[in-house]
Amino acid sequence: MGVFSCGIGHRVWLELVGKFPEEDGYTRVLRRQAEQTLRDSRMVAVCHYNSMAEEDVATLGHYLRRHNIHLKFVLNEVIRPVLAQSKYRNLLPLFVSRNVLLVSPEAPAREMLRVLKGVPQVTLLGACIDDTILSRQGVENFARLPSLEASQGQTVAALSLPSSQTSSLLQRGP
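Read in my numbering, the sequence shown has 88 at position 88, and its numbers run on one by one without any break.
Hints are computed from structural coordinates only; laboratory data are not their basis. Cβ atoms here follow ideal geometry from the backbone N, Cα and C, with glycine treated the same way. Heads up, some of the hints might be wrong.
[Claimed, not checked] Simulated restraints, written as ranges between beta carbons of each label pair:
1) Gly138 <-> Ser97: 16 to 26 Å
2) Asp130 <-> Pro93: 46 to 56 Å
3) Thr123 <-> Glu55: 13 to 23 Å
Let's have the full structure, built from the sequences with the hints guiding it.
Structure follows, in structure tokens:
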């Protein structure tokens, strides 16, 4: 047994039934691991993967891990049924060729894009960040947003400015 290549007939079977007719223990373990990975991640990015030298893959993984992003190679036959039964089901159309997942318990989109810019063999297709599905352009826009802490600081500063101006005007007197 083992994971077999998914022909058109098997894809139809997958979409209708949600699982393959021949499922061995190893495939179930891989699916459970995929489910756990998706459950533990705030950011799940789907990338198209072209062949790379092993050293380049190791280097890419190292640079991503610096930002707490993990590189996961997945077989479409394993991940598609998991996605079909999860909140990530709208990512299914992205899984038609050789894919790799970039997952993180945080949402370091800016760092991910910076690393991927130097790796033309890995092309970002889309992502789900904080339960929001984004295209590549959406991820780029998300990465440009200021951090939550910076936004909160700006809001507090903007809200406290009028009250401090009022206080200084009242202290000056008539």
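Each hint, compared with the structure:
About 21 Å separates the C-beta atoms of Gly138 and Ser97, a value consistent with the hinted range of 16 to 26 Å. Asp130 and Pro93 have their C-beta atoms about 21 Å apart, which leaves the hinted 46 to 56 Å range violated. Checking the proposed 13 to 23 Å range against Thr123 and Glu55 shows it holds: the Cβ atoms sit about 20 Å from each other.
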